[in-house]
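Produce the entire structure from the sequences given, and follow the hints as far as they go.
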Amino acid sequence: MLHIYCPHCEELREEEEFHCSGEAHIARPLDPDNCTDAEWGEYIFFRKNPRGIQHEMWYHTTGCRKFFNVTRDTQTYEIKEVYKIGEQPKVVAEG
Amino acid sequence: MSQKNRLQSGGRVDRSKALTFTYNGRQYKGYQGDSVASALLANGVDIVARSFKYSRPRGIVAAGAEEPNAVLQLGATEATQVPNVRATQQELYNGLVCSATNGWPSVESDWMGMMGKLGGKMMPPGFYYKTFMFPQSMWPTYEKFIRKAAGLGRAPTERDEDEYDIVNQHCDLMVVGAGPAGLMAALTAARSGARVIIADEQSEFGGHLLSSRERIEGKPAAEWVAGIVAELAKLPEVTMLPRSVVNGYHDHNFLTINENRTDYMADKAPEGQVRQRMHRVRAHWVVLATGAHERPLVFGNNDVPGCMVASAVSTYINRYGVVPGNKLVLMTTNDGAYQTALDWADAGREVVAVVDTRSNPQGERIEAVRKRGIKVITGSGVIDVQGKKRVSGVSVAGLDAKGEKVTGNVQQLSCDTVASSGGWSPVVHLSCHAGVRPVWSDEAIGFVPGPSVQNQLIAGGISGTYALDKVLAEGAKAGQEAVAKLGLAASEVALPNVRKVSEGTPMALYHIPHTKPTSRAPKQFVDYQNDVTAAGIELATREGFESIEHVKRYTAMGFGTDQGKLGNINGMAITAAVLGKSIPETGTTVFRPNYTPIAFGAIAGRNCGPLFEPKRFTAMHKWHVENGAEFEDVGQWKRPWYYPKNGETMQQALDRECVATRESVGILDASTLGKIDIQGKDAREFLGRVYTNAWAKLAVGKCRYGLMCGEDGMVFDDGVTSCLGENHFVMTTTTGGAAHVMEWLELYHQTEWPELEVYFTSVTDHWSTMTISGPNSRKLLSELCDDIDLDKDSFKFMDWREGTVAGVPARVFRISFTGELSFEINVQANYGLHVWEKLFEHGAKYNLTPYGTETMHILRAEKGFIIAGQDTDGSMTPIDLGMSWCVSNNKPFSYIGKRGMAREDCVRENRKQMVGLKTKDPKVVLPEGAQAVADTKQPIPMDLLGHVSSSYWSANLNRSVALGFIKGGLDRMGETVYYPLADGRVIEAEICSPIFLDPKGERQNV
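The listed protein sequences derive, respectively, from chains L and X. Residue 7 in full-length UniProt numbering sits at position 7 of the first sequence, with consecutive numbering throughout. Residue 124 in full-length UniProt numbering sits at position 124 of the second sequence, with consecutive numbering throughout.
Any given hint could turn out to be false.
[What the hints assert, rightly or not] Reference excerpt, derived from the structure (chain X facing chain L, CB under 8 Å, subset only):
id, residue
1, HIS250
2, HIS252
3, PHE254
4, GLU711
5, ASN830
6, LYS898
7, ARG899
8, ARG903
Note that these hints are calculated values from the structure, not bench results. Backbone N, C-alpha and C fix where the C-beta goes; we use that ideal spot for every residue, glycine too.
Here it is, written out as structure tokens:
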């Protein structure tokens, strides 16, 4: 069970309080009507699923109800950093 | 036969406290301090199991968690049955009842054993896969037979009445294992003031020191242990958990510990006590001091009762005062095991010989053995064992220098016990749980934990360190390291004084060769519990299973309750040898939680029975119960389903409720619908982005129905949203979808459109909602409400008004899910019951009839209204549902779902569309889920046109009504489709409009 630091509550809490919302930094296209089907499909269906560093969004479901981002190693489950929505990660995958 | 193997003195058992227990229906005696295994051995019980596949008699092999054979069924009553209890880990108590798990009619004379003898050759590895997997439909039948014959224990058929609980703990340092390394680590950290938890699976702290005759600080080791334990007990920040198996080591230093609190004292927990407790520990640092398990050697017929692991023999002698035989042959690859020969001899019984696989072993213990006049046969191995139900002798032969071939002559020795030691396997299980692969160490001749990303340290046997002085030093060092990492001040801990013993180099040998090739030699067992032999592993490898993970699964090596604790390394070594590779090249399988089997009760804790899941009740629940409602679970809510009266059947009750509502007035408790209060200057804009229809012009006092789609254009929720003020709305959602919709709104607001000023508050529980529906609903409401003008022209359909109902402030919405004139009355939840009861006081003259969710479903289906989640399944657009009226293409913002609905697949011809279905025979009700076909003569697989999503008997229409999906259905009105059912019937139905009743909507506009 992960131990997650909520950047809004500023405390470490148990994973049970949270809910993972999938890959982070998937921005909704600003002009959906001019996206091709392929571009729209890319936006809603395709995800990286990397082995290693991944940026993912978490929701503090039973806490502050705020979303935030986590950089996590999908192999070791280490959480490398936690940052708010709108911010950019400091830890990124190599290459 | 009373404890013939019990010594007069010695060990940690209390001979003044005799205990009686029952094994396989027969009474035996043991002492306080015994394990069931030691008591059975004291009584000379040789056979404790029949093996899984060959049904060979099996005896006790080990003394701890690694025991593969003595897996018993425990429990004096049906409710207290516990399967898979290792006799070596179960403490004896007075009145304990246990039995062998397998063997029919008994372990002594076993029917399958006969079959095993006849059929052994016919049961190679993969036998079950090859024989029983096909045809697959027969597997349940085969499995039942195999399980009965093999005997994997059984669960109780009655409820376990004992209580279990779960506690959450936090600590600076979690020490796993209270042997010499763990005790030193805990002491070192505790003296620096760290908050320490130390857990050990045994009843007492001390680990192998409890079974050892070593001396520490000039005292017997156990006395030294007592001193450390006494000091730890005095430190306020230290929690000591004996009888506690650390069963899982999870991510971010989270550990699950199963503490046995009463299993050691009685069949059932004493009144007021918890039987087992799960500790969920989050630790800053963890020291794994889990020690090592001794490996037996693999040789012919090495499973005959009387074959044991050398250190286990010493444990039974030194800790329990039990010598498990009379004449010992000891086979070893290392110096350490010589201690067993000394212990045996000191117990006054005969050591026939020590057989050492090394040609010229030198060391202090070897000298001591030789001085005692015990014969040491070097450069040799025990190649096979004679005897059926107990060892009667062994064949010993000379081996070549690598131990790969038999070289010398074979000599026979007479004995009843064979102890063997192939060295030690570090207990790396916990370190594997978090995904760390173990690495091979040539020095330790075993796998040790790989580097961990967690705050984890290791000390003692687990790191391949076996000499006591070094183990103690490693423990202290781990403690110091933890103290430093925790930022605490170091404290003084002196290393205890231990006499060093000089030892020769051990030999890396696992499998003793035979004069015959492995495939023809007597069975050489690697994994006792799964009957995996050296020959079986060779065969699996020849059949192409070269990955160790495949060998494991094909042969079942390492499966079962012991999870390969004893046999895994031997099996990997044999696989590697056959493949001509090294062990590190072949690799190892990994271990997963739990370390030992655990009771479901311990996992559930208090979260069972009424506390399994929270239940949600509306404010009117009491009334529903008193009025005989049957309930339906919707999410966590208990909703009235229907209200049977005077012995009515369900259908009779539904018919009455449906007719009463359409003829006069009915009432529904709709409090469970999700309600979200939305405020902010951009609330209206936000609604326009998450709903498919327009919201810009919805005036204060008005309500509007909306559909919510995902970005893929598929409907996932619906509901009515009302405008309370220019910047203030209240949204309703489906009962089951409330939490999801709330998260959905927050997601888009927080991540995509944070610039919009809008706030969401869940108010589901704040309001009680009761819907009165039917032609008399206005008359009824007017009797309780005098400050809202209820006139049809001033309070129109899809309006809402604020006022007072039954003297209580209320919001009244004129919306309808039945197609009748309806008013939805919302009051503060704590007034709900009062208003509900007032409505009934005044409603009697109108035959006010309460109805539940089922009647609600029927009434809305008569009108063709969808239920999101029943009629939708995530693959329907609003257009598919025939609800294009609810989709706006003129909104400036490309709302959620718009682009998705425009995808090529969503606009193609022949999509499944929602239609009504009239069965040709009006009395026949289509089953929900039935699939439509156009041509019943078509061979299987047939072309399926779509399914029935809602189907009911309508008393109002005196016929069945159904909603369903048909490919291109909206263009196929009047066509006939067929529903072939599993029972052979075919139901014929006509495609029609989904609106069965009042298509012009006149009834709600009165």
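Broken hints, by number: 5
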